[in-house]
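Asks: Sequence:
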Amino acid sequence: MCNPMVDYVQGIKAEIATGGALKKLIDVVSEMDRVILDGRLKLAKAKKEARIEQARMVEALSRLKETEEKRLALNELFGFLLKAKNTQRNLHYFNIRVPIANGTMALRSKAGHHSVARLRGAMEDGKGRPLLSCVAERCKGRWQRQTTTQFCD
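If you number the sequence shown the way the numbering used here does, the last residue is 371 and the count never jumps.
Calculated from the structure, these hints are not laboratory results. One or more of the hints may lead you astray.
[Stated by the list, open to error] Below 25 angstroms or equal to it, Euclidean Cα-Cα: the simulated SDA-like pairs (lysine to any residue) are: (1) Lys260 with Gln272; (2) Lys242 with Asp256; (3) Lys231 with Cys220; (4) Lys241 with Asn221; (5) Lys260 with Lys241; (6) Lys301 with Arg289; (7) Lys260 with Glu249; (8) Lys288 with Arg269.
[To be verified] Computed beta-carbon distance windows for the label pairs: (9) Ala278 with Val247: 44 to 50 angstroms; (10) Ile254 with Thr285: 42 to 48 angstroms; (11) Gly238 with Arg258: 30 to 36 angstroms; (12) Glu249 with Gly229: 23 to 29 angstroms; (13) Val247 with Val227: 18 to 24 angstroms; (14) Glu249 with Val227: 35 to 41 angstroms; (15) Cys220 with Val247: 27 to 33 angstroms; (16) Thr236 with Glu271: 51 to 57 angstroms; (17) Gly257 with Lys231: 18 to 24 angstroms.
Think of the CB as a built atom: it goes at the ideal place given N, C-alpha and C, for glycine as much as any other residue.
Whenever a hint applies, use it, and build me the whole structure from the sequences.
Replies: In structure tokens, the structure reads:
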């Protein structure tokens, strides 16, 4: 090496050893690296927490929608049961046979005791479909329609 270069290197070496401006600059750069690393770690942690929270919100929303669908289906079923009860009261004193899709459903007179579930099978919505099939569609097959092909005396 040439003399000026040797003097320069010895000056830097002495400056580092005595804690001069270069050492302070290196310390500042090291501190900046640590701060940047901490910031990246905090950002990664915050992103992870945000993803977890978003997944919880999606799960809660899906449970809410499912509950709302069940509530609507139960409200509709309640309406059908109410209509069936009123129909049963109107047909209470008569012995009537009502045609349904899978056979004939009979309603007994005052002495008989057919259940409301069988009576519901005969009721139709405005589109000519049995009401129970509408409820079964709404419940997505969780509840099956019960019909009877037996005749009453």
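Asks: So, against the hints stated earlier in the document, which numbers end up violated here?
Replies: Failing hints, ascending: 5, 8, 14 and 17.
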